[in-house]
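Enquirer: With these hints in hand, go ahead and build the complete structure from the sequences.
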Amino acid sequence: MLSIGEFSKISHLTLKTLRYYDEIGLLKPAFIDSKNYYRYYNLSQLETALLITRLKNYLFSLEEIKVILANWEDTDFLNAKMQAKQEKLTQHMTFYCSLLKKLKLDIQRLDEAEHIMGYLDKIEIKLMNHLTFHILSQRKQINTADFLLHFNELFSEILFENLVPIAKPLAIFHSSEYIPEKYDVEIAIPLAEATNKTKVFFPGLCAMATLTGSYDELPSIHTKLHMWIEENNYKLNGAPFEVYQTNPYSTSEENNIVEVYFPIK
Numbered sequence: 001m002l003s004i005g006e007f008s009k010i011s012h013l014t015l016k017t018l019r020y021y022d023e024i025g026l027l028k029p030a031f032i033d034s035k036n037y038y039r040y041y042n043l044s045q046l047e048t049a050l051l052i053t054r055l056k057n058y059l060f061s062l063e064e065i066k067v068i069l070a071n072w073e074d075t076d077f078l079n080a081k082m083q084a085k086q087e088k089l090t091q092h093m094t095f096y097c098s099l100l101k102k103l104k105l106d107i108q109r110l111d112e113a114e115h116i117m118g119y120l121d122k123i124e125i126k127l128m129n130h131l132t133f134h135i136l137s138q139r140k141q142i143n144t145a146d147f148l149l150h151f152n153e154l155f156s157e158i159l160f161e162n163l164v165p166i167a168k169p170l171a172i173f174h175s176s177e178y179i180p181e182k183y184d185v186e187i188a189i190p191l192a193e194a195t196n197k198t199k200v201f202f203p204g205l206c207a208m209a210t211l212t213g214s215y216d217e218l219p220s221i222h223t224k225l226h227m228w229i230e231e232n233n234y235k236l237n238g239a240p241f242e243v244y245q246t247n248p249y250s251t252s253e254e255n256n257i258v259e260v261y262f263p264i265k
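Residue 1 is where the sequence shown starts when you use the working numbering, and the numbers rise one by one after that.
Hints in this document: simulated from the structure, not taken from any laboratory.
Treat the hints with care, as some may be off.
Heads up, simulated PhoX-like pairs for lysine-lysine below, C-alpha to C-alpha not over 20 Å straight-line [what the hints assert, rightly or not]:
1. 168 <-> 199
2. 16 <-> 66
3. 122 <-> 102
4. 168 <-> 122
5. 81 <-> 66
6. 56 <-> 9
Expert: Okay, structure coming up:
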């Protein structure tokens, strides 16, 4: 058997860590001396210690690791957990790669003696009268993380009813504040013909700006539109809405195109 000190030296886990693992039931000593309470480990437990460290390196939580160890003989269970973690890490990599690009761009602006928020000045605002459409819509309080799922529901209804879209899908934002878990949004699809389920969508005169790139930049577009409306003595005249010119499922982040409209008077 190995003393806790020997086990610590071989596994590169500190005494504090080993005691904590014992406390939470993650890696308990094989034997504890009842007289002096010294902890001892079997040589075979070194493999478990290596596995714990390996899974920690994959960013599994200690609670997740406990579950994996409890199901260690179930290869399918472990494989599913590893694949789920791979997908999550891939999403994190995509996010941080995008973030790094934005950071480099801001550094470039500063190197060129530009203001870090100077990109707002490059957002072009257009005045336009939006077309009138018959729209099939669903207004719900949704979690913004499930935004695309609600669009899928509406598209499924259109296919089931054999309806014909005539323009790109849009979302109308009715919330008075931003609550991502409970956001009042009306998703809509313009149709070629009216039905007993459609309504007329006529926003009239609008200030419009186009986003090309990540949806994360939409707040910048909204900010610029609000600034432009105030500077040009207009007033809001209805709920803002976004028209999605590209399909997020088949379009890379940098090529997304969204038109943002603010009805004004």
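Enquirer: Work down the list of hints and note, for each, if the structure agrees.
Expert: Each hint, compared with the structure:
1. Only pairs whose Cα atoms come within 20 Å are accepted, and residue 168 paired with residue 199 is accepted, the gap being roughly 16 Å.
2. A C-alpha spacing of about 18 Å is found between residue 16 and residue 66, which places the hinted pair at or below 20 Å, so the restraint holds.
3. For the given pair, residue 122 sits about 16 Å from residue 102 by alpha-carbon distance, which is consistent with the 20 Å threshold.
4. For the hint linking residue 168 to residue 122, the alpha-carbon distance of about 25 Å lies beyond 20 Å, and the restraint is violated.
5. Taken as a hint, the residue 81 and residue 66 pair is honoured in the structure, with Cα atoms around 12 Å apart against an allowance of 20 Å.
6. Proposed proximity of residue 56 and residue 9 is supported: the alpha carbons are some 19 Å apart, at most 20 Å.
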